[in-house]
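Enquirer: One-letter residues, chain by chain:
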Amino acid sequence: MNGMLNISSAPHTRDRWTTPYIMRMVLLSLLPATTVGILVNGWNAFGIVALAVVSAVACEWVFNKICHKPDTIWDGSAAVTGLLLALSLGPQTPLYIPVIGSVFAIVVCKGCFGGLGKNFINPALAARCFLLISFANAMAIKPAVDAVASATPVGALKAFEQVDITKMFLGTADGVIGGSILALLVGGLLLWSLDIIHGQICFSVLIGFTLLIGLFGGEGFEPRFLLAHLCGGGVVMGAFFMATDYVTSPVSRLGQFIYGCLIGVLGGVFRLWGNTADSFSYAIIIGNVCTPLIDTYIVQKPLAYRKIGKTRRVKREPFRIPRPVIALTIIAALAGLALSGVYSVTKSTIEEQELTKETEAYKAVYPDAASFAVAEEAQGTIAAMEGNTTRVNKAYAAKDANGNTIGYALNVTSKGFGGNVTLAMGLTADGKITGISFTELSETAGLGMKADEPAFKEQFAGKGGKLSLVKGEAGGEQEISAITGASVTSNAVISAVNAGLDLYATVLKGGN
Amino acid sequence: MRNTFRGGVHPAERKELSRDARLRLYDPKGEMVFPLQQHIGKPAKAIVQKGDPVLVGQKIAEADGFVSAHIYSSCSGKVKAIEKRRVLSGGFAECIVIDNDGLFTPAADYSVRDSEGNLSANEIVQRVQEAGVVGLGGAGFPTHVKLKPKDPDAIEYVIANGAECEPYLTCNDQLMRTHAPAIVEGLELVLHLFPNAEGVICIEDNKPEAIHAMEIAASGKQRISVQTMITKYPQGGERSLIQAVTGIDFPISKLPADVGCIVQNVGTLYAIQRAVLYHEPLFSQCFTVTGEAVSEPANFFVRVGTSYAELLEACGGVKPGMTVAKALAGGPMMGVAMGSLEVPVQKQNNGLTLLAEDPVEQAEKLMTACLHCGRCTTVCPVGLMPQLMADAAIAGDLERYEKKLYGLECIQCGSCTVACPAKRPLMQTFKQAKAEIQEKKKREGGGQK
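Chain order of the listed sequences is D and F. Using the working numbering, you'd call the opening residue of the first sequence number 6 and step up by one each time. Using the working numbering, you'd call the opening residue of the second sequence number 229 and step up by one each time.
It should be emphasised that the hints constitute simulated quantities derived from the structure, not laboratory data. All clues given are correct.
Below 30 angstroms or equal to it, Euclidean Cα-Cα: the simulated DSS-like pairs (lysine-lysine) are:
(1) K123/D <-> K631/F
(2) K306/D <-> K123/D
(3) K659/F <-> K670/F
(4) K123/D <-> K662/F
(5) K662/F <-> K482/F
(6) K306/D <-> K482/F
(7) K306/D <-> K631/F
(8) K659/F <-> K74/D
(9) K404/D <-> K362/D
(10) K669/F <-> K306/D
(11) K362/D <-> K514/D
(12) K74/D <-> K593/F
(13) K306/D <-> K670/F
(14) K378/F <-> K306/D
(15) K306/D <-> K668/F
(16) K399/D <-> K362/D
(17) K70/D <-> K593/F
(18) K306/D <-> K662/F
(19) K420/D <-> K471/D
(20) K362/D <-> K172/D
(21) K306/D <-> K659/F
(22) K273/F <-> K257/F
(23) K593/F <-> K123/D
(24) K306/D <-> K632/F
(25) K659/F <-> K123/D
(26) K468/D <-> K514/D
(27) K362/D <-> K468/D
(28) K632/F <-> K123/D
These stretches of chain F come out as covered by chain D in the derived footprint (C-beta under 8 angstroms, 3 or more residues):
(29) 549-561
(30) 596-603
All figures in this text were calculated on a predicted structure; none of them were measured in a lab. Even glycine gets a Cβ: it sits at the ideal position worked out from N, Cα and C.
Work out the full structure: start from the sequences and follow the hints.
Expert: The structure is reproduced here in C-alpha cells:
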C-alpha cells in the first residue's frame, strides 16, 4: 500500500452512459434517414449534410477557442445539431445555406447562451426558422428532377390536393432531405427503445397532432387523410428528434406530456389555419420557449406525497413487453403497410388520376367536342368484348356546345410488345379518325415508343374504314406506315384502332 | 414473482470476486482499537482503565443513555491505552486500545445454548440491548431502540434484509448460505415481539443459493416467507424494501415503524440470535474484503477492532503489479473513501473494497454540462427531480429546493449520481444544500429564542 488514495464522496461508481454516448446514439439513429435522403436526392444532398455537420463542428471549435472555453466538439452535440439542420433542408438548397444555418445554430442559439445544456430553443430548429425567414427563395423546396418549382406534399395537402403517401413514407417524395418517414421511424423508435428519448414527448406530440387534425381537419379520422398529414411537414422528425431534445424539453413526466400535447396541437393549428408549410418547426419552438415555465411549475412530488388511494398498493414487477420488441413490431407493421396496404390506400387516387388522364386524352383527340357522354348503344358490344386481347374499353359520344352528337371518342386496347397498348381515338360522325392519343404505352424505348411521336400518330387523322399496315411510305387511303423495327407495336396500334372502327361500322353508325 | 421498488440503478455487481469465498473467523494479531462511538447516538463510556486485563466478550464500555450501545472486547489481553486514535471517518476519536495476547480467552462459554424457553418480549429486548447489538447493515442504529416502537401491535411486517444490493459485498450472501437456520431463528425472536407481524426475508435474485438456503430454513414456519427481489440498487435500503414488500412510500420525517414495518439486516438477526440464545455479545460480524486490487478476496467473521490493513494482509495483500486507486470502507455505492487503512473495523462495517481504478476520477474527465436528460428523475427511488434540485441548489434558491422540490426528502442513495451521463456530482450538491438548510434553520430557530 503505497501512494495516495483518492478521497471523494460516495457513490464511487458511475454508469456507462456519457454525453458522447447519447449523442453518438442520436447520430446513429439519424443514419437511416440520412442515407435514404442522400440516395434519393443525390450529391447535392450529400454536400448539404457534409457541409452542415462540418461547419457546425468547426464553428463550435472556433467559438470555444475565441471564448477561451474548453473544447467540446467531442461531446458530439454540434454534429447532431448540424445533421438535424441538414435533414430539415431541401435537397436543392444552395450550399451556402447549411453553412449559414450551422453558424447561426452554434454561435447564436447555443454558444451565446452558454453552450451545451444552456440553449433555450433547439439550435437546429432555430437555425431552420432563421433561414426560412431570411432566405425564403433559397429555402423553397424544389423537386430533385427538374427545376420547376412545384408544391411539396405539404403544400399540396394545404391546398387539399392529392398526395402520394407511399412516396412520402418511403422518402421519395419532394421534400426535405430527411423526409423518409420509414427511416426516421426506425431511428426514432431505436432511440426510444434504448430509453434515450422520452416516450411521453414523442407520442404525445403525435397524438395531440392527430387528434387536432382529426377533429378539425374537416375529413374526420379518415386514415388516409391523417396519414398524409402525419407523414408530411416534419411531424415525425419533429416528434422524435426535435421535440425530444433534452435541453429544451421539460423534466417531469407530466410536464413532458403537456409539452408534447402543446406542440402537437399547435402544429395542427398552424397546419390547418396557418399559411406556411413549416408549421411544425414553429410549434416546437413555441414548446421550447414554454419549457422553463413548465419546469418551474410542474414538478413531481415524491412518491410519499402522491395520492395513491387509501388501499395498500402492492408493487409487483409489472409485465412489460421489452421496448425493442415493441419498436420492431411497429416498424415491421409500418413496412408491411407500406408494401401491401399502399395500393389500397392509394387506389382511388390512381383511379381518379387515370380518369383525368383519359378525359384529357379524349379532349386531345377530339378538340371540337365540348363534352362527352357515354354512348349507350355500344355498351352491350363492349361488355361482350371484355377480356379479349384487342377490345374497345369505352365509348363516348362527343357533343358540341348545344348537346348535338358530332362524333365519337373511344378507348381501345390491344397487346403490344411491352404490355397493353391503350389509346383514345376520336371519330367524326361519318367515321373518319380525328386523332389518336396513348393513355397506356410501355414499349421499348427508341423503337416501340416511337408510336407516341407525331410522325406516327398524325398519319391516322382523316382516315377511316379498315386500316392496314405497310412498310415504308404509306400511299393508300387506308394505309399506315409502320414504325421501323417495331412491327409488334405498330400492329397492336392498328388492331386497336381497327377494333374502334369496327365498332363504329357495326354499332355506332347504325345507331346514328 | 420478483418484487421491487420504483427507480434505482444497476451498477456492475462484481460479486463474483468473493461470492464463493467461505466465511471464516479471522484471529488478528497485535493491538486492537475500539472506538467509543460505533453506533448512532451517544458515544459509550469506557469502564476499563489502562492496564486492566480483559477477556473476549467482556464489556469495556457502557452505553450512555437509551440511544447508545455497549461495547465488548473481541480479544483477550490488557488495556494499553484510552486515547484518541485515527478512525474511519478520517478524524481522531476516543478509543480503547487493547494489547491482544493472541489467546482469545472467552469470558464465558458462548457455545452453550440457553435452554430457557418462552422468553418474554422484554427479556428478548433486554438481552439484545445488553449484547450491544447495532444495525449491521451499515448505519449502526442501536437495535434495541428499533425493537421498541410505540405500538408493537401495529407492526405488520418484520423485514429481514438480505438484499445486499451494494456491489462487490458478499458477506451477507455467505452468511445466509451458511447460517440460514440461525437467521430464521433470529427473525422468529423478533416476530415474538410483534404478535401481529409477518416475517418477510428479502433477497435479491442474484443470490440463488442464499434464497434456496433461506427457503429451506423458513419452510414450515407459519409466519415467515422468502421474497425474491430484482437486483437493483438501493433495493436493500429500508424504504425501498418497505415499498417492495408493502407498496407504501413514506416521507423522511416518518420511521418505518410508523407504517407498520421493522427492517433488520440478516447480519443483525444473526447477532440477535447469538445474543438472546447464547448470551454472546456483539464483538464480531461478517465482513467482505474484495476489489480488483485484492489478491484473494475473502469473507470473514471479523473481530471488532481489527485494523483494515491487517485484514488486507490476511487476503494476501494487494495483487502484485497493481496499485490501489481507492480504498472503500463498504462498497462503491455507500462506502466511505479511506485515507489510510490503519484504522479499526467498527461494528457496523461490512466490507473493504480496493479499487484499482477510480471511477470518480475517470468520470470527472468526462463531465459535461447538464443535458436535462431526466435520467436522474427516472432512477430516483424517492421520486424526486434531482436535476431541478441541483439547478435550485446551485442558484442558491433553497426555498424552492426545500418547499417545491422536497429536497430534504433525499435519502442520499447516490442513484442519480451513478446514472448521470453528464457525470455531475449531484449527491455532493444535495449534501451541501441539506447542510445549508439545516444550518439556516438552526440559526433562525436560535434567533427566535
